[in-house]
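Heads up: the sequence shown at position 242 corresponds to 242 in the UniProt record's numbering, and the numbers run straight through without jumps.
If you're looking for bench data, these hints aren't it; they were derived computationally from the structure.
We put the CB at the ideal spot given by N, CA and C, even for glycine.
Just to be clear, a hint being listed does not mean it is correct.
Taking lysine-lysine pairs in the BS3-like style, the calculated list, with each CA pair at most 30 Å apart, reads [unchecked claim]: (1) Lys-269 <-> Lys-352; (2) Lys-24 <-> Lys-342; (3) Lys-351 <-> Lys-273; (4) Lys-435 <-> Lys-332; (5) Lys-435 <-> Lys-354; (6) Lys-342 <-> Lys-352; (7) Lys-352 <-> Lys-396; (8) Lys-273 <-> Lys-352; (9) Lys-269 <-> Lys-229; (10) Lys-351 <-> Lys-332; (11) Lys-354 <-> Lys-273; (12) Lys-78 <-> Lys-273; (13) Lys-273 <-> Lys-396; (14) Lys-229 <-> Lys-332; (15) Lys-435 <-> Lys-342; (16) Lys-352 <-> Lys-229; (17) Lys-31 <-> Lys-273; (18) Lys-269 <-> Lys-342; (19) Lys-273 <-> Lys-229; (20) Lys-342 <-> Lys-229; (21) Lys-354 <-> Lys-396; (22) Lys-78 <-> Lys-24; (23) Lys-354 <-> Lys-332; (24) Lys-352 <-> Lys-332; (25) Lys-229 <-> Lys-435; (26) Lys-4 <-> Lys-342; (27) Lys-396 <-> Lys-24; (28) Lys-4 <-> Lys-396.
Label-pair distances were calculated between CB atoms; the ranges are [what the hints assert, rightly or not]: (29) Ile-317 <-> Gly-261: 37 to 45 Å; (30) Met-405 <-> Glu-47: 57 to 65 Å; (31) Leu-321 <-> Gly-261: 51 to 59 Å; (32) Arg-266 <-> Glu-404: 28 to 36 Å; (33) Arg-175 <-> Pro-292: 21 to 29 Å; (34) Glu-265 <-> Ile-373: 23 to 31 Å; (35) Leu-23 <-> Glu-440: 41 to 49 Å; (36) Glu-350 <-> Asp-301: 32 to 40 Å; (37) Phe-267 <-> Gly-372: 36 to 44 Å; (38) Arg-331 <-> Arg-420: 33 to 41 Å; (39) Ser-402 <-> Ile-373: 30 to 38 Å; (40) Asp-28 <-> Arg-420: 31 to 39 Å.
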Amino acid sequence: MATKVYMEALSPTMEEGRLVTWLKAEGDEVKEGDVLAEVETDKATMELAARGSGVLRKRFINEGDTANVGVMIAIVAKADEDISALEGGGTSAPAPAAEAPKAEVPKAETAAPAAEAPKAEPAQAAAPAAAAAPAPAEAAQGEGGRVKASPLARRLAAEAGLQVGAVQGTGPGGRVIRRDIQDAVARGGQQAEAQASAPAQAAAQPAAAAVAPTTDARFREHPISQMRKAIARRLAQSIGPVPTFYLTVEVDMGEAMALRGRINERFAKEGIKTSPNDLVIKAVSMALRRHPFVNAAWTGDSIHLYEQVHIGVAVAIEEGLITPVIRDADRKGVGEISAEVKELAGRAREKKLKPEEFTGSTFSISNLGMFGIEEFTAIINPPEAAILAVGAIGPKVVVDDSGEMVVRQRMRMTLSCDHRVIDGATGAAFLQTLKQYLEEPMMMVA
């Protein structure tokens with residue numbers, strides 16, 4: 001029996017994927033589990049494995065093409081099997097693609113944080129999509145948003161695995177009729193590609209209309225990666241609907257930097273070299289233990305107060321940001337955190353992180369201190385309730401307890417808070433605890 005190959009959801013937040021490389025050509029033998037292709041998701045380049053054995057009989061999209069999750073992109077079948085009924089391609093029931101990644105979701109995520117992220121994604125993604133592309137939808141639909149199509153056309157489309165709304169109707173008033181479906185099926189792979197690209201085109205048209213009138217300056221188009229699309233979508237969901245306020249505190253990092261020096265000297269032979277950010281991660285994770293409403297998420301029906309502390313560490317890569325997750329950071333030593341951050345950040349830059357390695361954080365940290373940024377605000381990564389923006393450490397003249405002017409190593413941190421979860425006093429108390437840990441770092445090892 002033929003096996004339909006779908007564009008699978010290879011990450012929890014993936015809605016579409018770009019086929020980077022086909023690793024099997026039409027006519028190649030395929031065994032279940034063989035890697036058929038490499039797919040760029042919103043976070044990384046992943047391998048798409050075969051779900052059945054046989055011969056790769058048909059490929060519906062080319063390298064570089066993008067397809068929505070759930071779209072059939074190839075067929076694996078016996079060499080002499082009749083697959084003519086399937087060659088129309090297109091979107092079929094999305095269940096196979098949606099079920100596939102479940103096995104990759106770690107148990108910890110199912111129990112706490114990551115289980116919420118995938119649940120929230122479809123609802124959050126639906127809103128901007130509907131708002132961004134009203135015109136194309138109305139053009140293809142009748143009153144009430146219902147696609148104009150005959151019952152026979154609907155049945156034929158379902159049998160062929162096509163979305164009737166993606167077919168251009170030629171009947172009265174643009175009604176989709178039997179001939180339209182038959183023509184779409186006859187066009188084979190072209191129909192599948194049209195369906196895959198339709199949402200992207202619908203989203204692009206309003207954007208182009210909005211940008212074009214603003215300036216006559218010359219420009220060059222830069223292709224949008226899956227990661228950049230995900231960043232845009234998620235952050236737009238945050239800064240708009242999330243009622244955010246900001247709290248800033250300045251910390252004396254003299255003792256923390258001295259401790260860092262002693263740790264690096266003590267463990268130099270083991271190759272451990274910690275950074276100030278490693279100390280911040282450790283201090284934040286311990287402070288979160290004492291302030292559970294900062295290690296939390298707003299779900300609409302309740303507030304999730306996480307029992308584990310998983311820190312997402314923002315890492316800048318060529319195409320945007322990704323947040324590898326240090327799980328149970330509060331239970332790890334600074335050296336262990338340092339090694340884990342380096343290892344994950346390295347693989348993040350190579351786009352080789354697994355989904356469970358960049359999802360499921362309960363709190364995030366963004367540090368731009370290495371770029372000389374003294375202070376900034378970061379955008380909350382939903383559904384997390386807060387994010388900490390960390391600035392550069394540098395000498396600053398301050399007045400000490402005796403009234404003398406002295407030079408100290410100072411660092412500013414700004415906490416972005418979701419006011420639905422965190423009140424001002426709650427956020428301030430968290431920063432106070434964090435400041436104590438960093439200014440008296442021995443508290444972290446006591």
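Taking the hints in turn, this is what the structure says about them:
1. Under the criterion of a C-alpha separation no larger than 30 Å, the hint pairing Lys-269 with Lys-352 is consistent with the structure, at around 29 Å.
2. For the proposed pair Lys-24 and Lys-342, the alpha carbon gap of about 34 Å is over 30 Å, so the pair is violated.
3. A hinted pair counts as satisfied when its Cα atoms are at most 30 Å apart, and Lys-351 with Lys-273 qualifies at roughly 24 Å.
4. Using a Cα cut-off of 30 Å, the hinted pair Lys-435 and Lys-332 holds, with the two alpha carbons roughly 19 Å apart.
5. For a cut-off of 30 Å, the pair hint linking Lys-435 to Lys-354 is broken: about 33 Å separates their Cα positions.
6. Distance restraint check for Lys-342 and Lys-352: the Cα-Cα separation of roughly 14 Å lies within the 30 Å cut-off, and the hinted pair is therefore satisfied.
7. Proposed proximity of Lys-352 and Lys-396 is contradicted: the alpha carbons are some 40 Å apart, above 30 Å.
8. Restraint check for Lys-273 and Lys-352: the C-alpha separation of about 24 Å stays at or below 30 Å, so the hint holds.
9. A threshold of 30 Å between alpha carbons decides the hint, and for Lys-269 with Lys-229 the separation of about 43 Å lies outside it, so the pair is violated.
10. A hinted pair counts as satisfied when its Cα atoms are at most 30 Å apart, and Lys-351 with Lys-332 qualifies at roughly 25 Å.
11. The hinted pair formed by Lys-354 and Lys-273 meets the criterion: a straight-line CA distance of about 25 Å does not exceed 30 Å.
12. Taken as a hint, the Lys-78 and Lys-273 pair is broken in the structure, with Cα atoms around 56 Å apart against an allowance of 30 Å.
13. About 25 Å separates the Cα atoms of Lys-273 and Lys-396, which keeps this hinted pair within 30 Å; it holds.
14. Under the criterion of a C-alpha separation no larger than 30 Å, the hint pairing Lys-229 with Lys-332 is inconsistent with the structure, at around 34 Å.
15. In summary, the hint linking Lys-435 to Lys-342 is supported, as the alpha carbons are separated by about 25 Å, within the 30 Å threshold.
16. Taking the CA atoms of Lys-352 and Lys-229, the gap is about 19 Å. The hint holds against a cut of 30 Å.
17. Proximity of Lys-31 to Lys-273 is assessed by CA-CA distance (about 45 Å); at most 30 Å being required, the pair is judged violated.
18. Of the supplied pair hints, the one linking Lys-269 and Lys-342 holds, its CA atoms being roughly 17 Å apart against a limit of 30 Å.
19. Simply put, Lys-273 and Lys-229 have alpha-carbon atoms about 35 Å apart, too far for the 30 Å limit, and the pair is violated.
20. Between Lys-342 and Lys-229, the direct Cα distance comes to roughly 26 Å. Compliance with the 30 Å bound is thereby established for this hinted pair.
21. Proposed proximity of Lys-354 and Lys-396 is contradicted: the alpha carbons are some 42 Å apart, above 30 Å.
22. Simply put, Lys-78 and Lys-24 have alpha-carbon atoms about 15 Å apart, close enough for the 30 Å limit, and the pair holds.
23. In summary, the hint linking Lys-354 to Lys-332 is supported, as the alpha carbons are separated by about 21 Å, within the 30 Å threshold.
24. Between Lys-352 and Lys-332 the alpha-carbon distance is near 24 Å, which keeps this suggested pair within the 30 Å criterion.
25. Taking the CA atoms of Lys-229 and Lys-435, the gap is near 36 Å; set against the 30 Å cutoff, the hint is violated.
26. Simply put, Lys-4 and Lys-342 have alpha-carbon atoms about 40 Å apart, too far for the 30 Å limit, and the pair is violated.
27. The hinted pair formed by Lys-396 and Lys-24 fails the criterion: a straight-line CA distance of about 60 Å is larger than 30 Å.
28. Between the alpha carbons of Lys-4 and Lys-396 the distance comes to roughly 64 Å, so the proposed pair goes past 30 Å and is violated.
29. Look at Ile-317 against Gly-261: about 30 Å separates their beta carbons, and that is not inside 37 to 45 Å.
30. Range check, Met-405 to Glu-47: Cβ separation about 60 Å, and the 57 to 65 Å hint holds.
31. As the Cβ distance of Leu-321 to Gly-261 is approximately 30 Å, the hint placing it in 51 to 59 Å is violated.
32. The beta-carbon spacing between Arg-266 and Glu-404, approximately 32 Å, falls within the hinted interval of 28 to 36 Å.
33. The hint said 21 to 29 Å for the Cβ distance between Arg-175 and Pro-292, and at roughly 57 Å that hint is violated.
34. Take Glu-265 and Ile-373: their Cβ atoms lie about 28 Å apart, and the range 23 to 31 Å holds.
35. A hinted range of 41 to 49 Å for the beta carbons of Leu-23 and Glu-440 is inconsistent with their spacing of about 55 Å.
36. For Glu-350 and Asp-301, the Cβ-Cβ distance of about 39 Å falls inside the hinted range of 32 to 40 Å, so the restraint holds.
37. Between Phe-267 and Gly-372 the CB atoms are about 28 Å apart, so this pair departs from the stated range of 36 to 44 Å.
38. As the Cβ distance of Arg-331 to Arg-420 is approximately 29 Å, the hint placing it in 33 to 41 Å is violated.
39. Roughly 32 Å separates the CB atoms of Ser-402 and Ile-373, a value that falls within the hinted 30 to 38 Å.
40. A hinted range of 31 to 39 Å for the beta carbons of Asp-28 and Arg-420 is inconsistent with their spacing of about 53 Å.
Of the numbered hints listed earlier, those contradicted by the structure are 2, 5, 7, 9, 12, 14, 17, 19, 21, 25, 26, 27, 28, 29, 31, 33, 35, 37, 38 and 40.
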